[in-house]
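Please arrange chain B on chain A, whose structure you already have, making use of the hints.
2 protein chains.
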Amino acid sequence: MNKIAEKLLRIISDYADGFKGAFNIREDGQCVGRQSTPNIRIDTKKDAPGLVIHISPHAQKEVVYIPACVTHGAIDDLVYNDFYVGAGADVTIIAGCGVHTDSGDMARHNGIHRFFLEKGAHVLYKEKHIGTGSGTGEKRIDPVSNAFLSEGSVLEMDTVQLKGVDNTVRKTTARLAARAKLIIHESILTEKAETAETDFTVSMDGEDSAVDLISRSVAKGSSRQTYHSRIMGNCRCSGHSECDAILADQGTVNASPELYAGSIDAVLIHEAAIGKIAGEQIIKLRTLGLTEEQAEEKIIEGFLRA
Amino acid sequence: MNKIAEKLLRIISDYADGFKGAFNIREDGQCVGRQSTPNIRIDTKKDAPGLVIHISPHAQKEVVYIPACVTHGAIDDLVYNDFYVGAGADVTIIAGCGVHTDSGDMARHNGIHRFFLEKGAHVLYKEKHIGTGSGTGEKRIDPVSNAFLSEGSVLEMDTVQLKGVDNTVRKTTARLAARAKLIIHESILTEKAETAETDFTVSMDGEDSAVDLISRSVAKGSSRQTYHSRIMGNCRCSGHSECDAILADQGTVNASPELYAGSIDAVLIHEAAIGKIAGEQIIKLRTLGLTEEQAEEKIIEGFLRA
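So the sequence lines, in the order shown, correspond to chains A and B. If you count by the UniProt record's numbering, then the first sequence holds residues 1 to 306, one letter each, in order. If you count by the UniProt record's numbering, then the second sequence holds residues 1 to 306, one letter each, in order.
Just so you know, these hints were derived from the structure itself, not from any lab. You may find that some hints are simply not true.
Pairs involving identical chains hold if they fit within one copy or between any two copies, as the list cannot separate such chains.
[Unchecked claim] Dumping the calculated DSSO-like pairs for lysine-lysine here, alpha-carbon to alpha-carbon at most 30 Å:
#1 K45 - K126
#2 K220 - K181
#3 K298 - K276
#4 K126 - K171
#5 K61 - K119
#6 K276 - K181
#7 K46 - K61
#8 K126 - K46
#9 K181 - K192
#10 K45 - K171
#11 K119 - K7
Looking at chain A on its own, in the form it has when it is part of the complex (with noise of 0.2 Å):
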């Protein structure tokens, strides 16, 4: 592993000279540290590049780290990573993306993940972004998820892109049976002239099934974001999102959560608030000794964190 790729796994994946318990390191590409653990099979997928990932009913509170990095420009990682959760399982996934560019070429990551989660399964799946190096070329992270829950199965995914990412497209979709419960958390920030398009789909399609939605945008410089959220409670079943974003600089950005309910015994609600940090704020931090700017920066870190 080359030191950009480790510095990266420090920043995207709690790697510390190393992972406790099943893992798979890719590097531009390239698989560069595996292992399986009993209950957790990390094996090559034969028909595209990436991994399919079988975790056994036996595996509790195990925890499986799949970090990627791209360390250099004119790399355009594609992969298609697979998770099969037995039935009651309950795992951690830490799947965090680095892209590192010091030349003028494109460093981009576009990481295809299926989740199919059996009855009862627990999963909490965290992932961090990254863009880092002094070129010119564009860091780009792509992700795709797509979510498959069994009944009474819960996926929580947490999801957070520092920075340095010039432009990224994030779409998930998930479907859910009875008693299934999603909740994601992302937060996204974004500065000079970045971009972020992300887009959810979250189809409830079993009795009493749940969706939890929190999404927090931070756009500084001239960056824009875009969020698009839909939400289908075809049945009985709950709904809540919630989209918020602050702004600064010339930053924009465009919420455009969607609620569709096919069933009256659907319970739907959104919320969104879009605006600047509120000037009592920085006042009231600034009265404690910080200058303006470490109390944006403190007002930004806790509403992203929150």
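Only chain B this time, still in chain A's reference frame:
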């Protein structure tokens, strides 16, 4: 004026054997009565069917009635009405529409309204829509409203679709200059296999302009409603939108409220809620002696009026 027209007028426009003040009555595509007043001049439009209405700055607390009726099938009435509202005028425009067919032929009204509000003008625009008659012909009302609000002007739109309109597509756009204010209350009731599609685009272009958009929907039977709004804040301004829907039977609603903040000084907020009537509300009213149906009716009535 025929009996059906008279009956429709009573429902949609507070008609009581005549109007006080300025009015124009449109029946089956023809003018069947018109009166101007010193401050409100109603002229026939020269380049298209419809009216040009000039409201002078001297008009204060005056009312102008411009109801339209289609009283039988095989009428597809298209009308263009332009309102020029002088600086500082304060008027109420009552513009209801009823469509009636006892045959298998369609009865349709398609009213295209433009509102030009000069500095400081205040307009309350009220509109009730209804479809009646025993025919199988389609009853359609497709209104288009384009509003241009000069500095400090206020437009309040209070629009209600009572019942019986088979299909409607409603399009409203508005551009707001500095300190202009737009307040929209829309209520739509659909039943049977009716459909309603409503679309708002509001662009806040002047400092301290504001929009408040409240939409209430009740979808009964197998009716389908689609709501889309796009509020654009391009400067220091505030926007609030709220769309709430009650579902009954197999009714469905799709709500897609969009917020675009193109300036960090735009403050935009949205809320949406879709669901059926809570059981407790019904029980409460039943203990007061109402049947379940009466209770439901009361709740829906209150909801649409709120």
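Hint check:
For the homomeric pair K45 and K126, the shortest alpha-carbon distance inside one copy (22 Å) is at most 30 Å, but the shortest distance between copies (63 Å) is not. Taking CA atoms no more than 30 Å apart as the test, K220 paired with K181 passes between copies only; the shortest distance there is 29 Å, against 33 Å inside one copy. When the C-alpha separation of K298 and K276 is checked against a cutoff of 30 Å, the pair qualifies only within one copy, where the shortest distance is 14 Å, while the shortest distance between copies is 42 Å. Only within a single protomer do K126 and K171 lie at most 30 Å apart by alpha-carbon distance; the minimum there is 16 Å, versus 43 Å between protomers.
When the C-alpha separation of K61 and K119 is checked against a cutoff of 30 Å, the pair qualifies only within one copy, where the shortest distance is 17 Å, while the shortest distance between copies is 66 Å. For the identical chains of this complex, K276 and K181 are inter-copy neighbours only, at 21 Å across copies versus 32 Å inside a copy, given an alpha-carbon limit of 30 Å. Taking the shortest Cα distances, K46 and K61 sit within 30 Å of each other inside one copy (29 Å), while across copies they are farther apart (77 Å). Taking the closest pair of Cα atoms, K126 and K46 come within 30 Å of each other only inside a single copy of the chain (26 Å); across copies the shortest separation is 65 Å, beyond that limit.
Taking the shortest Cα distances, K181 and K192 never come within 30 Å of each other, neither inside one copy (36 Å) nor across copies (33 Å). In this assembly of identical chains, K45 and K171 lie within 30 Å of each other by CA distance solely inside one copy; the values are 22 Å within and 50 Å between copies. Taking the closest pair of Cα atoms, K119 and K7 never come within 30 Å of each other, the shortest separation being 38 Å inside a single copy and 60 Å across copies.
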